[in-house]
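A.B. asks: Here's the letter readout for the chains.
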Amino acid sequence: MTSATATAGTQRLRSVSPVRLFLSRPEFGAVVGALMVFLIFAVLSVLRGDVGKGFLSVQGLAGILEVSAQVGILGAAVSLLMIAGEFDLSVGSMVGAAGLLLGLLIVQYGVPPTIAIVAAFAFALAVGAFNGWLRIKTGLPSFIVTLGMLLILRGIGIGVTRAITSNTIVSGLSTYTANDPVAQLFTASVNIAGGSFKVVLLWWLGVVIAATWVLTRTRFGNWIFAVGGSDQAARYVGVPVSRVKVILFMTTAASAALLACIQVLSVGSADVLRGQNKEFEAIITAVVGGTLLTGGYGSALGSAFGAFILGTTQLGINFVGINSDWYQVVMGSILLIAVLANTYLLRRASGARS
Amino acid sequence: MQQRRKFAALAGLVLAIAACTPAASTASGSAAGSAGTSPAAASAGAAGGGDRANTLIEVVTHGQASDPFWSIFKNGVDQGGKDMGVKVEYSAPDTFDMVKMGQLIDAAVAKKPQGLVVSIPDAAALGPHIKAAVDAGIPVISANSGSDVYQSLGVLTHVGQSEEIAGKKAGELMKAAGVTNALCVNQEVGNAGLDARCKGFTDGLGGTVKVVQVDLKDPTGAQQSIAAAVQGAQGVNGMLTLGPTGAAPALAALKGANLLPNLKLATFDLSKDVLNAIKSGDMLFAIDQQQYLQGYLPIVFLTYDNLYGLVPGGGQPVLTGPGIVDKTNVDKVLANTGTTR
Numbered sequence: 001m002t003s004a005t006a007t008a009g010t011q012r013l014r015s016v017s018p019v020r021l022f023l024s025r026p027e028f029g030a031v032v033g034a035l036m037v038f039l040i041f042a043v044l045s046v047l048r049g050d051v052g053k054g055f056l057s058v059q060g061l062a063g064i065l066e067v068s069a070q071v072g073i074l075g076a077a078v079s080l081l082m083i084a085g086e087f088d089l090s091v092g093s094m095v096g097a098a099g100l101l102l103g104l105l106i107v108q109y110g111v112p113p114t115i116a117i118v119a120a121f122a123f124a125l126a127v128g129a130f131n132g133w134l135r136i137k138t139g140l141p142s143f144i145v146t147l148g149m150l151l152i153l154r155g156i157g158i159g160v161t162r163a164i165t166s167n168t169i170v171s172g173l174s175t176y177t178a179n180d181p182v183a184q185l186f187t188a189s190v191n192i193a194g195g196s197f198k199v200v201l202l203w204w205l206g207v208v209i210a211a212t213w214v215l216t217r218t219r220f221g222n223w224i225f226a227v228g229g230s231d232q233a234a235r236y237v238g239v240p241v242s243r244v245k246v247i248l249f250m251t252t253a254a255s256a257a258l259l260a261c262i263q264v265l266s267v268g269s270a271d272v273l274r275g276q277n278k279e280f281e282a283i284i285t286a287v288v289g290g291t292l293l294t295g296g297y298g299s300a301l302g303s304a305f306g307a308f309i310l311g312t313t314q315l316g317i318n319f320v321g322i323n324s325d326w327y328q329v330v331m332g333s334i335l336l337i338a339v340l341a342n343t344y345l346l347r348r349a350s351g352a353r354s
Numbered sequence: 355m356q357q358r359r360k361f362a363a364l365a366g367l368v369l370a371i372a373a374c375t376p377a378a379s380t381a382s383g384s385a386a387g388s389a390g391t392s393p394a395a396a397s398a399g400a401a402g403g404g405d406r407a408n409t410l411i412e413v414v415t416h417g418q419a420s421d422p423f424w425s426i427f428k429n430g431v432d433q434g435g436k437d438m439g440v441k442v443e444y445s446a447p448d449t450f451d452m453v454k455m456g457q458l459i460d461a462a463v464a465k466k467p468q469g470l471v472v473s474i475p476d477a478a479a480l481g482p483h484i485k486a487a488v489d490a491g492i493p494v495i496s497a498n499s500g501s502d503v504y505q506s507l508g509v510l511t512h513v514g515q516s517e518e519i520a521g522k523k524a525g526e527l528m529k530a531a532g533v534t535n536a537l538c539v540n541q542e543v544g545n546a547g548l549d550a551r552c553k554g555f556t557d558g559l560g561g562t563v564k565v566v567q568v569d570l571k572d573p574t575g576a577q578q579s580i581a582a583a584v585q586g587a588q589g590v591n592g593m594l595t596l597g598p599t600g601a602a603p604a605l606a607a608l609k610g611a612n613l614l615p616n617l618k619l620a621t622f623d624l625s626k627d628v629l630n631a632i633k634s635g636d637m638l639f640a641i642d643q644q645q646y647l648q649g650y651l652p653i654v655f656l657t658y659d660n661l662y663g664l665v666p667g668g669g670q671p672v673l674t675g676p677g678i679v680d681k682t683n684v685d686k687v688l689a690n691t692g693t694t695r
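Sequence order for the protein chains is A and B. Numbered per this note's numbering, the first sequence spans residues 1 to 354. Numbered per this note's numbering, the second sequence spans residues 355 to 695.
Any given hint could turn out to be false.
Listed next, the in silico SDA-like pairs over lysine to any residue satisfying Cα-Cα at most 20 Å (straight line) [to be verified]: (1) B:Lys485 with A:Gly195; (2) B:Lys485 with A:Gly194; (3) A:Lys53 with B:Ala407; (4) B:Lys466 with A:Val46; (5) B:Lys618 with A:Lys53; (6) A:Lys53 with B:Val488; (7) A:Lys53 with B:Asp405; (8) B:Lys485 with A:Asn191; (9) B:Lys609 with A:Lys53; (10) B:Lys609 with B:Lys633; (11) B:Lys485 with A:Ala178; (12) B:Lys609 with A:Ser174; (13) B:Lys466 with A:Ala178; (14) B:Lys466 with A:Gly195; (15) B:Lys466 with A:Val43; (16) B:Lys466 with A:Val51.
Estimated spans, in silico, between C-beta atoms of each pair [claimed, not checked]: (17) B:Asp636 with A:Gly155: 35 to 43 Å; (18) B:Asp437 with A:Pro18: 56 to 64 Å; (19) B:Asn690 with A:Leu293: 45 to 53 Å; (20) A:Leu140 with B:Gly635: 52 to 60 Å; (21) B:Asp437 with A:Leu125: 53 to 61 Å; (22) B:Gly532 with A:Ala163: 36 to 44 Å; (23) B:Gly667 with A:Ser189: 28 to 36 Å; (24) B:Lys564 with A:Phe143: 45 to 53 Å; (25) A:Ile164 with B:Leu570: 35 to 43 Å.
Simulated from the structure, these hints should not be mistaken for lab results. The beta carbon of each residue, even a glycine, is placed where N, CA and C say it ideally should be.
Start from the sequences, fold in the hints, and give me the full structure.
C.D. replies: Written out as structure tokens, the structure is:
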């Protein structure tokens with residue numbers, strides 16, 4: 001590394017070693033963190049004598065990946081939005097609302113599953129667009145706009161469901177969707193070595209790859225970074241700021257609808273409380289993955305590692321028998337440590353002196 | 355509420371740092387630092403040999419740690435583990451989320467435990483996960499909720515309260531106290547469990563019962579409508595509320611109208627207010643589902659099933675309620691509020 005800095009004087013572009021390049025990636029902290037968290041729980045499991053069961057089993061891994069994938073789908077979309085400098089607190093409620101819409105359409109009104117799925121996505125996209133429009137038109141912080149939407153969607157979910165079914169759970173979907181080929185897209189699973197791996201893993205993979213590709217390989221991706229860095233400056237150089245933001249709000253809402261479809265169709269019921277706290281888990285996922293709260297910097301790939309950390313911790317605590325009363329303490333600590341580590345690494349790797 | 359929870363977490367943290375020994379948990383008998391992880395606690399009081407120490411029983415419920423009702427359930431689980439000398443590990447989703455609970459059941463199964471205890475508030479969502487546990491050869495007992503579905507899932511037995519039987523008992527007690535014409539105050543319309551309580555009450559009383567619906571979001575309105583219902587229905591001499599949240603406005607309404615000595619009031623479930631009213635004679639009795647036993651008994655049953663193949667119930671549910679709290683035992687209940695009651 002010293003040689004790299006020594007030659008810097010003679011060239012306009014400083015040459016950087018690949019190690020330093022990796023260190024300066026936003027997802028570096030999350031990759032290291034994921035390894036660390038996994039190792040910690042693996043060691044604790046070995047100490048318990050749990051080899052081949054619990055955390056260190058195929059079945060355990062399948063469980064961890066499923067939990068990670070569910071929050072990871074939201075996390076990837078929320079990362080993009082946060083890089084553009086905005087929040088979406090309504091994704092958790094949207095998981096509940098879109099799921100209820102899906103459930104009510106299928107069970108109460110006998111709508112074919114395919115059409116109900118399309119309707120759930122259309123509803124989410126419309127609400128997402130409205131969030132974006134309201135944010136742009138009013139200039140209110142998205143934190144407030146989507147906080148309002150969080151409450152409204154949750155309330156609509158409870159109100160409408162109770163009015164129609166006088167119950168808070170819509171169940172019995174499986175009789176309508178069991179043999180539906182489109183529903184299979186959201187519910188299929190495969191058994192490998194005793195572990196049941198769900199199709200949600202492929203959705204997660206797809207969403208993360210698509211988000212990373214958009215962010216790093218397309219003009220739209222550049223716009224996202226530009227908008228998050230400074231939307232005034234972005235506007236001056238001709239970036240369609242409003243369009244970028246509205247599309248990103250629609251993306252987060254759509255990711256919530258996707259998760260709702262997966263949950264409702266595979267579980268066979270919808271519930272007015274589904275998706276509670278998911279908005280915070282998605283933000284944690286993004287932040288642990290190296291995305292800055294202030295926007296302009298971050299990674300969709302990092303969110304995948306953030307989601308893995310979350311899933312590993314959530315089930316790991318149960319696997320190694322830590323009293324689950326302490327789950328939130330552990331989660332909060334990991335969030336703080338991850339953010340501190342990210343900030344530190346970022347400063348070190350970018351060569352700034354502190 | 356939020357503030358209190360934050361404080362509790364902080365206090366717990368201090369406790370954990372100050373004394374990293376399982377002995378710390380005996381101070382409050384609360385959830386913090388329960389039997390879960392420490393081998394010392396697991397073997398304490400164990401009469402059996404290595405079999406018990408190597409027995410792991412997983413408990414997955416829908417009850418959040420912050421809910422006082424479930425904290426007593428969990429106390430029962432922890433005590434069961436201590437008394438049996440087995441390891442128990444308890445988990446619950448941090449919100450009422452059946453997807454998360456299903457994942458927790460899967461995780462519990464992956465630990466290959468010798469027994470599994472689950473509550474089943476939503477059979478559609480949890481059924482496949484429980485079925486998978488049964489298919490994997492793990493003995494499963496359902497607790498608290500799931501009395502209607504446990505048999506079809508291959509669960510050994512159910513430990514809980516039958517709402518209808520509990521309601522019937524309330525009706526019989528009221529009848530014995532001379533009540534012939536009563537109101538059943540329902541504070542949560544649409545909850546099937548509460549409907550069953552009213553139905554059982556009607557059967558047990560054998561007299562006239564009218565159901566009154568109240569809205570708890572408006573305590574003053576609830577109080578007014580209860581008072582109005584008493585005046586509207588001729589000759590009412592008894593009233594049953596279906597929870598402490600309904601009991602408080604009912605008590606206020608009857609006191610306000612000076613009806614109490616002649617009109618007998620009773621309720622489902624316990625609270626400090628309810629217990630004090632029983633002590634002072636304002637209330638006749640309270641029906642307790644005794645959730646401490648719902649946590650405790652499954653641990654005992656699963657341990658004995660594992661050791662000796664002993665399973666009670668014969669496929670029928672094991673009832674933990676109705677437990678009756680009246681003037682004769684209210685002092686004992688008051689003394690144990692928060693730990694076992």
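A.B. asks: Now tell me if each hint is right for this structure.
C.D. replies: Hint check results:
Proximity of Lys485 (chain B) to Gly195 (chain A) is assessed by CA-CA distance (about 15 Å); at most 20 Å being required, the pair is judged to hold. In summary, the hint linking Lys485 (chain B) to Gly194 (chain A) is supported, as the alpha carbons are separated by about 15 Å, within the 20 Å threshold. Distance check on the hinted pair: Lys53 (chain A) and Ala407 (chain B) sit about 18 Å apart at the alpha-carbon level, within 20 Å; holds. The straight-line distance between the Cα atoms of Lys466 (chain B) and Val46 (chain A) is roughly 15 Å, inside the 20 Å bound, and the hint therefore holds.
Straight-line distance between C-alpha atoms of Lys618 (chain B) and Lys53 (chain A) comes to about 57 Å, which puts the hinted pair past the 20 Å bound. Only pairs whose Cα atoms come within 20 Å are accepted, and Lys53 (chain A) paired with Val488 (chain B) is accepted, the gap being roughly 17 Å. This hinted pair checks out: Lys53 (chain A) and Asp405 (chain B) have alpha carbons roughly 18 Å apart, not beyond 20 Å. With a CA separation close to 16 Å, the supplied pair Lys485 (chain B) and Asn191 (chain A) stays within the 20 Å bound.
For the proposed pair Lys609 (chain B) and Lys53 (chain A), the alpha carbon gap of about 60 Å is over 20 Å, so the pair is violated. Distance check on the hinted pair: Lys609 (chain B) and Lys633 (chain B) sit about 16 Å apart at the alpha-carbon level, within 20 Å; holds. As the CA atoms of Lys485 (chain B) and Ala178 (chain A) are separated by approximately 17 Å, the hinted pair is consistent with the 20 Å bound. At most 20 Å may separate the alpha-carbon atoms for a hinted pair to count; Lys609 (chain B) and Ser174 (chain A) exceed this at roughly 51 Å.
Using a Cα cut-off of 20 Å, the hinted pair Lys466 (chain B) and Ala178 (chain A) is violated, with the two alpha carbons roughly 29 Å apart. Under the criterion of a C-alpha separation no larger than 20 Å, the hint pairing Lys466 (chain B) with Gly195 (chain A) is consistent with the structure, at around 13 Å. Taking the CA atoms of Lys466 (chain B) and Val43 (chain A), the gap is near 18 Å; set against the 20 Å cutoff, the hint holds. Under the criterion of a C-alpha separation no larger than 20 Å, the hint pairing Lys466 (chain B) with Val51 (chain A) is consistent with the structure, at around 11 Å.
Between Asp636 (chain B) and Gly155 (chain A) the beta carbons are some 37 Å apart, a value that agrees with the proposed interval 35 to 43 Å. Between Asp437 (chain B) and Pro18 (chain A) the CB atoms are about 60 Å apart, so this pair conforms to the stated range of 56 to 64 Å. Between Asn690 (chain B) and Leu293 (chain A), the C-beta spacing of about 48 Å keeps the proposed range 45 to 53 Å intact. Look at Leu140 (chain A) against Gly635 (chain B): about 57 Å separates their beta carbons, and that is inside 52 to 60 Å.
Between Asp437 (chain B) and Leu125 (chain A) the CB atoms are about 56 Å apart, so this pair conforms to the stated range of 53 to 61 Å. Roughly 42 Å separates the CB atoms of Gly532 (chain B) and Ala163 (chain A), a value that falls within the hinted 36 to 44 Å. Separation of Gly667 (chain B) from Ser189 (chain A) is about 34 Å and conforms to the stated range, judged on CB atoms against 28 to 36 Å. One distance hint, 45 to 53 Å for the beta-carbon pair Lys564 (chain B) and Phe143 (chain A), holds here, with the actual separation near 50 Å.
The hint said 35 to 43 Å for the Cβ distance between Ile164 (chain A) and Leu570 (chain B), and at roughly 22 Å that hint is violated.
Checked against the numbered hints listed earlier, the structure breaks hints 5, 9, 12, 13 and 25; every other hint is satisfied.
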